[in-house]
Amino acid sequence: MWEDIKENVTYTAKGCASWDSMLDRAGNLLSDPDDPQLYGIARDQAIIGTPQECIDKINEYKENLPINNMICRFKFPGISHDEAIRSMKLFVDKVLPYVS
Numbered sequence: 012m013w014e015d016i017k018e019n020v021t022y023t024a025k026g027c028a029s030w031d032s033m034l035d036r037a038g039n040l041l042s043d044p045d046d047p048q049l050y051g052i053a054r055d056q057a058i059i060g061t062p063q064e065c066i067d068k069i070n071e072y073k074e075n076l077p078i079n080n081m082i083c084r085f086k087f088p089g090i091s092h093d094e095a096i097r098s099m100k101l102f103v104d105k106v107l108p109y110v111s
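Here the sequence shown is numbered in the numbering used here, starting from 12 and rising by one per residue.
Certain hints may be false.
[As the list claims (entries may be wrong)] Straight-line distance between alpha carbons at most 27 Å, and here's what the computed DSS-like set of lysine-lysine pairs gives:
#1 Lys100 with Lys86
#2 Lys86 with Lys73
#3 Lys68 with Lys105
#4 Lys100 with Lys73
#5 Lys86 with Lys105
#6 Lys68 with Lys100
#7 Lys73 with Lys105
#8 Lys86 with Lys68
[What the hints assert, rightly or not] Quick list of simulated restraints, FRET-style, between CB atoms:
#9 Asn79 with Ala37: 32 to 40 Å
#10 Asp15 with Ala37: 32 to 40 Å
#11 Asp93 with Ala37: 42 to 50 Å
#12 Glu14 with Ala37: 31 to 39 Å
#13 Ala37 with Glu71: 31 to 39 Å
#14 Lys100 with Asn19: 41 to 49 Å
#15 Ile96 with Gly60: 28 to 36 Å
#16 Gln56 with Pro77: 14 to 22 Å
Honestly, the hints are just simulated from the structure, not real lab data. Note that beta-carbon positions come from the ideal geometry of N, C-alpha and C, so glycine has one too.
Taking the hints into account, I'd like the entire structure generated from these sequences.
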């Protein structure tokens, strides 16, 4: 799963690295948008996998953090509309019932 989408997710992470969310209070860039470590950062901050892997990861977050809301993103640059819709439907049918 990760291998199929890592370029798309990392593209977004690189964009974030160039925004002020990746700057310190003085405006200094904290990360290089071309840093290969962004693959790891993007992977660690994303929940990508089979339905069971997603269920496990979401439940792990719920057990360890006081969360009651989650933002889901299914459309990344390079992902077709149909692929995003398919992922949404899969999430609603196979994941959501086991984490809410």
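Status of the hints after comparison with the structure:
1. Lys100 with Lys86: Since the Cα atoms of Lys100 and Lys86 sit roughly 13 Å apart, the hinted pair holds (cutoff 27 Å).
2. Lys86 with Lys73: holds, 24 Å
3. Lys68 with Lys105: holds, 14 Å
4. Lys100 with Lys73: holds, 22 Å
5. Lys86 with Lys105: holds, 18 Å
6. Lys68 with Lys100: Cα-Cα ~19 Å, so holds.
7. Lys73 with Lys105: Answer holds: Lys73 to Lys105 is near 18 Å, not above 27 Å.
8. Lys86 with Lys68: holds, 20 Å
9. Asn79 with Ala37: 32 to 40 Å: holds, 34 Å
10. Asp15 with Ala37: 32 to 40 Å: holds, 39 Å
11. Asp93 with Ala37: 42 to 50 Å: holds, 44 Å
12. Glu14 with Ala37: 31 to 39 Å: Once the Cβ atoms are compared, 38 Å apart, the range 31 to 39 Å for Ala37 and Glu14 holds.
13. Ala37 with Glu71: 31 to 39 Å: For Glu71 against Ala37, whose Cβ atoms are near 35 Å apart, the range 31 to 39 Å holds.
14. Lys100 with Asn19: 41 to 49 Å: 19 Å Cβ-Cβ, so the 41 to 49 Å window is violated.
15. Ile96 with Gly60: 28 to 36 Å: Violated, at about 19 Å.
16. Gln56 with Pro77: 14 to 22 Å: Holds: the Cβ-Cβ distance is about 18 Å, inside 14 to 22 Å.
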